[in-house]
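Asker: Sequence:
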Amino acid sequence: MPGLGQNGNEGPQRRAKRTTAGMAQAQRTAGAAKAAAKGPLRQLRALGLAAMVALTGAPALAQSSPFSPVIIINGKAVSHYELDQRILFMTLLRQPGDIEKIALDTLIEDRLRVAEAERLGLSVTPEMVETGMTEFASRANLTAEEFVKAIAQGGVDAETFRDFVAAGMIWREVVRARYAGQVTITDAEIDRAMAAFAPQSIPTLRVAEIVLPGKGPERSASLALARKLKQAVTDEPAFFAAARQYSKGPTAASGGQRDWQRLTEFDEKTKAVMLATPPGTISQIVQTDEAITLYLILDRAEDQLSAAETATLVDYAEYVLPAGQDAASVRAKVDTCDDLYDLAKGQPESQLQRKSAPVGQVPSDIAETLALLDTGESAAIARGGVNLFLMVCRRGVDISFMPAREDARRQLLNQRLGAMAEIYLEELRTEAIIREP
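What the sequence shown shows, in the working numbering, is residues 76 to 512, in sequence order.
Quick caveat, the hints were computed from the structure, so don't treat them as lab data. For glycine and all other residues, C-beta sits at the position ideal for the given N, C-alpha and C. Careful: at least some of the hints might be erroneous.
To be verified - Now the in silico label distances, taken between C-beta atoms and shown as ranges:
| no. | residue 1 | residue 2 | range |
| --- | --- | --- | --- |
| 1 | Pro292 | Arg253 | 50 to 60 Å |
| 2 | Thr505 | Asp342 | 31 to 41 Å |
| 3 | Thr505 | Glu210 | 42 to 52 Å |
| 4 | Ala313 | Gly150 | 48 to 58 Å |
What the hints assert, rightly or not - Computed cross-link-like contacts, DSS-like style, restricted to lysine-lysine with a CA-CA straight-line distance of at most 27 Å:
| no. | residue 1 | residue 2 |
| --- | --- | --- |
| 5 | Lys408 | Lys430 |
| 6 | Lys344 | Lys290 |
| 7 | Lys430 | Lys420 |
| 8 | Lys344 | Lys303 |
| 9 | Lys305 | Lys290 |
| 10 | Lys408 | Lys420 |
| 11 | Lys305 | Lys323 |
| 12 | Lys346 | Lys290 |
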């Protein structure tokens with residue numbers, strides 16, 4: 076969610092992941108579908124994540140014995156081989172800055188993270204690490220297997236990638252264990268974050284769907300079939316075939332495939348599921364009152380928003396005061412714009428109007444009054460022979476671009492935990508015995 080900050084990862088590793096995400100966005104905007112057809116290495120190159128190391132001016136690798144220690148942290152060694160691998164990996168990720176220093180720093184931090192997890196008796200399962208690798212690879216629109224194959228062509232072992240992901244995941248568990256219950260995000264903080272929300276792009280998706288009836292006696296059978304398909308269908312051709320055979324939606328004939336769509340075009344429940352589903356995988360079952368649906372996420376990109384779409388809007392209410400009613404009596408009965416609907420019950424629809432527009436498109440006399448008001452504040456003006464009660468409902472971008480409050484809360488929580496995690500890691504580093512052999 077642009078405008079609400081970065082996620083809860085930390086230090087140089089966070090910078091590396093952020094670089095990956097930035098490169099992925101640039102590639103997707105340039106045309107992810109074309110790159111995907113050219114194989115994993117070509118796709119990574121399109122992302123700006125891969126180039127053959129011999130051709131990129133990569134730092135010279137150490138000439139010592141590969142498994143001799145380059146540095147020792149609290150008795151735990153980092154070998155020259157590990158350092159060489161991390162340098163290669165970060166080179167493929169196009170990590171800016173002094174690659175050798177950053178690579179060594181992140182390896183030191185990984186040792187500290189893992190050691191602290193061991194001290195606390197925390198661990199992550201292989202399944203959790205696999206999930207983390209899948210999520211990381213999905214930022215490049217690749218499966219974990221495709222990502223491993225692609226980096227292997229640049230000289231990076233799968234175990235290097237696995238260790239990188241595992242250290243980040245175990246650190247997340249450490250941070251949660253230490254700060255669980257200590258961080259609270261208030262409604263006021265969410266309000267402020269959403270008021271300052273400034274999107275520059277919006278996620279877009281290309282999906283295939285299997286739509287099954289969700290009403291009446293068919294619902295139970297549809298749900299059972301969806302569960303069966305979720306387990307049985309393992310790849311795109313099988314999903315397309317299942318859509319042609321079982322789907323009752325308008326896309327059945329095309330194997331369930333839909334054109335590119337903005338995430339904002341889907342309902343809230345579907346959006347949440349899609350955001351949690353990496354490209355190339357099948358979503359959880361989406362249940363609505365009308366249908367039971369499975370989605371295959373074929374591709375994901377970012378649609379850059381135009382200046383008009385990102386313009387600040389003012390959402391306001393105009394209430395024509397009935398004869399004999401003054402603004403003070405209305406103000407005493409309402410706290411928000413929604414309260415005006417109760418007040419206007421039984422009156423003509425023209426009595427109360429809710430409008431949203433860029434400030435420059437609001438009539439000048441109304442705009443001048445609104446400019447003096449904060450959200451929830453009101454004022455009355457005489458206009459066109461009537462007394463008009465004006466109230467500011469909200470200011471900001473188009474509400475369809477706004478994150479859900481729970482998403483905003485989660486990001487703010489991640490930011491807070493991320494800041495605390497950086498302090499925590501710095502404390503561990505300060506207390507550690509770090510020496511060269």
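Asker: Hint by hint, say whether it matches the structure.
Answerer: Structure-based check of each hint:
{"no.": "1", "hint": "Pro292 / Arg253: 50 to 60 Å", "in the structure": "holds, 52 Å"}
{"no.": "2", "hint": "Thr505 / Asp342: 31 to 41 Å", "in the structure": "violated, 49 Å"}
{"no.": "3", "hint": "Thr505 / Glu210: 42 to 52 Å", "in the structure": "violated, 31 Å"}
{"no.": "4", "hint": "Ala313 / Gly150: 48 to 58 Å", "in the structure": "holds, 51 Å"}
{"no.": "5", "hint": "Lys408 / Lys430", "in the structure": "holds, 21 Å"}
{"no.": "6", "hint": "Lys344 / Lys290", "in the structure": "holds, 18 Å"}
{"no.": "7", "hint": "Lys430 / Lys420", "in the structure": "holds, 18 Å"}
{"no.": "8", "hint": "Lys344 / Lys303", "in the structure": "holds, 21 Å"}
{"no.": "9", "hint": "Lys305 / Lys290", "in the structure": "holds, 20 Å"}
{"no.": "10", "hint": "Lys408 / Lys420", "in the structure": "holds, 14 Å"}
{"no.": "11", "hint": "Lys305 / Lys323", "in the structure": "holds, 17 Å"}
{"no.": "12", "hint": "Lys346 / Lys290", "in the structure": "holds, 21 Å"}
Comparing the model with each earlier hint shows violations of hints 2, 3; every other hint is respected.
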